[in-house]
Amino acid sequence: MPQGMFKSRTLRRVAKRVPTGTSVIVYKQRKPRAHRCALTGEQLHGIPRRTPLHLAKLAKTKKRPQRPYGGVFGSRATRQLLKEEARETR
Amino acid sequence: MLYDIGTICVKIAGRDAGKTCVVIDTLDEQYVLIDGQTRRRKCNMLHLEPLNERLSIQKGATSEAVKKAFEAKGISCTLTTPKKAKPKPTKSAKQSVDASSTPTKKEKGKVSAKKA
Chain A
0 MPQGMFKSRT LRRVAKRVPT GTSVIVYKQR KPRAHRCALT GEQLHGIPRR
50 TPLHLAKLAK TKKRPQRPYG GVFGSRATRQ LLKEEARETR
Chain B
0 MLYDIGTICV KIAGRDAGKT CVVIDTLDEQ YVLIDGQTRR RKCNMLHLEP
50 LNERLSIQKG ATSEAVKKAF EAKGISCTLT TPKKAKPKPT KSAKQSVDAS
100 STPTKKEKGK VSAKKA
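These protein sequences, in sequence, are chains A and B. Residue numbers for the first sequence follow numbering that gives the first Met the number 0, beginning at 0 and rising by one. Residue numbers for the second sequence follow numbering that gives the first Met the number 0, beginning at 0 and rising by one.
These are calculated hints, taken from the structure and not from any lab test. Note that beta-carbon positions come from the ideal geometry of N, C-alpha and C, so glycine has one too. One or more hints might be untrue.
So the derived label-pair ranges between C-beta atoms look like this [claimed, not checked]:
1. B:N43 to A:V13: 38 to 46 Å
2. B:A84 to A:Y26: 33 to 41 Å
3. B:N51 to A:R32: 42 to 50 Å
4. A:A33 to B:K83: 55 to 63 Å
5. A:R32 to B:S75: 36 to 44 Å
6. B:S75 to A:E87: 29 to 37 Å
7. B:M44 to A:Y26: 22 to 30 Å
8. A:R48 to B:A84: 52 to 60 Å
9. B:G59 to A:R49: 42 to 50 Å
10. B:L50 to A:R12: 51 to 59 Å
11. A:I24 to B:K105: 49 to 57 Å
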């Protein structure tokens with residue numbers, strides 16, 4: 000019977016075979032879901048799926064793409080925005 | 000042609016996205032050479048949005064000439080120079096050490112014990 004704290008579904012269960020030959024359950028932390036574009040909802044690239052503890056240790060350039068609206072809007076949405084802005088100034 | 004020499008464009012892709020540039024040279028049907036607020040480089044025409052304005056520059060104009068032309072239009076540009084690779088430090092050959100001159104660990108231990 001697992002301990003109360005391990006019954007939580009915020010942990011994921013991984014079956015692992017030990018050297019003695021038996022299988023044990025190892026409880027691991029779940030990764031956060033991938034970030035999504037605020038306009039289109041598509042998955043964003045260049046943003047690691049890490050918990051805040053691990054993200055804080057990364058450099059700023061490793062957490063989002065170096066582009067306007069990087070980490071907020073996707074590349075497709077950003078291109079459309081910039082095109083519309085340029086056409087308004089024409 | 001839409002992307003003639005002197006056409007002012009806005010870059011819509013890459014890390015220079017949103018910046019104004021001018022077409023300096025047409026390389027083939029797909030690529031042009033750009034300069035201005037962006038880095039001086041080859042660029043795909045699909046990554047540019049042309050504006051109605053034009054600059055009077057020659058084919059293959061230098062970055063300084065492009066900067067002057069932009070400033071006449073009221074657009075500020077900074078001159079960027081490409082990074083120069085630093086020379087790698089060369090390792091000097093290690094000097095040969097005589098085995099008899101350096102004390103061994105046992106001898107070092109004996110000396111420290113005597114001092115104590």
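#### Entry: Hints not upheld, ascending by number
Of the numbered hints, 2, 4, 6, 7, 8 do not hold.
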